[in-house]
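With the first letter of the sequence shown counted as 1, position 80 gets the number 80 in UniProt numbering; the numbers rise by one all the way through.
These are calculated hints, taken from the structure and not from any lab test.
We put the CB at the ideal spot given by N, CA and C, even for glycine.
Please note that the accuracy of each hint is not assured.
Listed next, the in silico EDC-like pairs over lysine to aspartate or glutamate satisfying Cα-Cα at most 20 Å (straight line) [unchecked claim]:
id	residue 1	residue 2
1	K46	E75
2	K55	E75
3	K92	D40
4	K46	E94
Distance ranges between label pairs, derived from CB positions [as the list claims (entries may be wrong)]:
id	residue 1	residue 2	range
5	R43	T77	16 to 22 Å
6	D26	E67	18 to 24 Å
7	R43	Y63	29 to 35 Å
8	G19	T39	30 to 36 Å
9	T39	Y63	17 to 23 Å
10	S76	G19	29 to 35 Å
11	T39	R17	16 to 22 Å
12	G74	V18	27 to 33 Å
13	H15	G74	19 to 25 Å
14	E94	Q37	32 to 38 Å
15	L48	H15	17 to 23 Å
16	A38	E94	29 to 35 Å
17	H15	I51	27 to 33 Å
18	P68	D40	14 to 20 Å
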Amino acid sequence: MSSLPVSPSPITLNHLRVGDAAIVTDLFQPAQSNLIQATDIIRRLKELGFIHGEKIKILHKGYFGGEPIAVRVGESTFALRNFEAALIGVSKTEAA
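Make the full structure from the sequences, and use the hints.
Here is the structure:
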């Protein structure tokens with residue numbers, strides 16, 4: 001695994017600030033949602049690379065409501081909406 005220092009308490013990706021680096025710890029089922037839609041969203045996030053242990057970095061947040069959130073996953077960059085980012089559990093690391 002990685003030798004990067006990891007914070008002990010996981011948070012969700014939507015709480016990170018621009019420039020923050022983190023490692024994906026989990027994907028969460030939303031509390032109130034259509035189960036089929038939520039399962040599809042979680043499946044798509046996994047297909048994009050948001051899987052346990054993957055390093056991510058917040059590159060940019062939109063000016064109005066902080067949306068979309070530009071996230072670097074490996075060598076790829078994706079734009080997420082806040083509700084999608086709230087499904088991704090992360091542990092903050094030192095920015096590289």
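To see whether the hints hold, each was checked on the structure:
1. K46 to E75: 15 Å, holds
2. K55 to E75: 10 Å, holds
3. K92 to D40: Given pair K92, D40 is violated - Cα atoms ~26 Å apart, limit 20 Å.
4. K46 to E94: The hint is violated at about 23 Å.
5. R43 to T77: 16 to 22 Å: 20 Å, holds
6. D26 to E67: 18 to 24 Å: Cβ of D26 to Cβ of E67: about 22 Å, so the range 18 to 24 Å holds.
7. R43 to Y63: 29 to 35 Å: 30 Å, holds
8. G19 to T39: 30 to 36 Å: 32 Å, holds
9. T39 to Y63: 17 to 23 Å: About 32 Å separates the Cβ atoms of T39 and Y63, which means 17 to 23 Å is violated.
10. S76 to G19: 29 to 35 Å: 18 Å, violated
11. T39 to R17: 16 to 22 Å: 30 Å, violated
12. G74 to V18: 27 to 33 Å: 19 Å, violated
13. H15 to G74: 19 to 25 Å: 21 Å Cβ-Cβ, so the 19 to 25 Å window holds.
14. E94 to Q37: 32 to 38 Å: 36 Å, holds
15. L48 to H15: 17 to 23 Å: Taking Cβ atoms as reference, L48 and H15 lie about 19 Å apart, which means the hint holds.
16. A38 to E94: 29 to 35 Å: At roughly 32 Å between Cβ atoms, E94 and A38 fall inside 29 to 35 Å, so the hint holds.
17. H15 to I51: 27 to 33 Å: 20 Å, violated
18. P68 to D40: 14 to 20 Å: 19 Å, holds
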